[in-house]
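In this text, residue positions in the sequence shown follow our numbering: the first is 25, and each later residue adds one.
Here are the in silico distance ranges between beta carbons for each label pair:
# : residue 1 : residue 2 : range
1 : G204      : V59       : 30 to 38 Å
2 : D194      : T44       : 35 to 43 Å
3 : D60       : G204      : 28 to 36 Å
4 : V59       : D163      : 15 to 23 Å
5 : S62       : F136      : 19 to 27 Å
Calculated cross-link-like contacts (lysine to aspartate or glutamate; reagent style EDC-like; alpha-carbon spacing at most 16 Å):
# : residue 1 : residue 2
6 : K143      : D118
7 : K114      : E139
8 : K143      : D170
9 : K114      : D60
Calculated from the structure, these hints are not laboratory results. The beta carbon of each residue, even a glycine, is placed where N, CA and C say it ideally should be.
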Amino acid sequence: GNNNTLDVAGAIFQSNQSATNGGAIMSNNSDLAVVDASFADNDAVGGFGGAIGIIRGASIVSGSNFLRNHSSGNGGAIALVNGGTLDLSKSCFDANESDRWGGAIFTQGDVFVVESIFKLNVATINGGAFFIADGASVDIADSSFDGNDNLDSNLGTAIYIRPTGLLVTDAATTFINHTGVAVYQEP
Numbered sequence: 025g026n027n028n029t030l031d032v033a034g035a036i037f038q039s040n041q042s043a044t045n046g047g048a049i050m051s052n053n054s055d056l057a058v059v060d061a062s063f064a065d066n067d068a069v070g071g072f073g074g075a076i077g078i079i080r081g082a083s084i085v086s087g088s089n090f091l092r093n094h095s096s097g098n099g100g101a102i103a104l105v106n107g108g109t110l111d112l113s114k115s116c117f118d119a120n121e122s123d124r125w126g127g128a129i130f131t132q133g134d135v136f137v138v139e140s141i142f143k144l145n146v147a148t149i150n151g152g153a154f155f156i157a158d159g160a161s162v163d164i165a166d167s168s169f170d171g172n173d174n175l176d177s178n179l180g181t182a183i184y185i186r187p188t189g190l191l192v193t194d195a196a197t198t199f200i201n202h203t204g205v206a207v208y209q210e211p
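Modelling step: build the complete structure from the supplied sequences, incorporating the hints.
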């Protein structure tokens with residue numbers, strides 16, 4: 025089992041920069057809990073996860089704000105790679121950018137989203153707010169997606185899903201102000 029845990033509460037991460045992954049926090053095969061934190065203008069210059077990069081592990085993000093974070097790789101705010109889980113609640117993702125996939129979040133693991141807001145996030149390739157990789161699953165409840173976009177495509181401007189990725193949303197989740205196809209799954 026894994027005994028490594030990082031707990032972050034009430035912290036402000038602003039204008040941090042990583043030459044590789046995780047502009048503010050990089051969690052590798054550890055458990056991560058982020059509560060009531062703020063992430064603004066962080067940058068993963070040479071990798072994934074503009075604010076937070078996660079490789080495996082069980083992660084929780086609650087009551088946190090992500091504003092104008094950037095990654096040259098995947099996941100402008102958060103990237104979950106090589107599996108793992110992310111429980112995300114009561115958080116806001118605003119104007120985050122990825123030069124590749126997932127303007128706000130890129131996932132290769134399982135993500136559970138409740139009562140969160142995704143607005144004006146941008147991916148250069150696909151998944152303005154969310155990119156769901158093959159084998160990954162995302163369950164979204166009582167959340168809103170507003171004006172997210174892709175630069176290279178009009179498919180999946182809010183959420184882009186690879187062929188074996190899975191997305192489940194509830195009736196209380198809304199999608200507004202997206203150009204093109206807001207939610208798209210590759211055949």
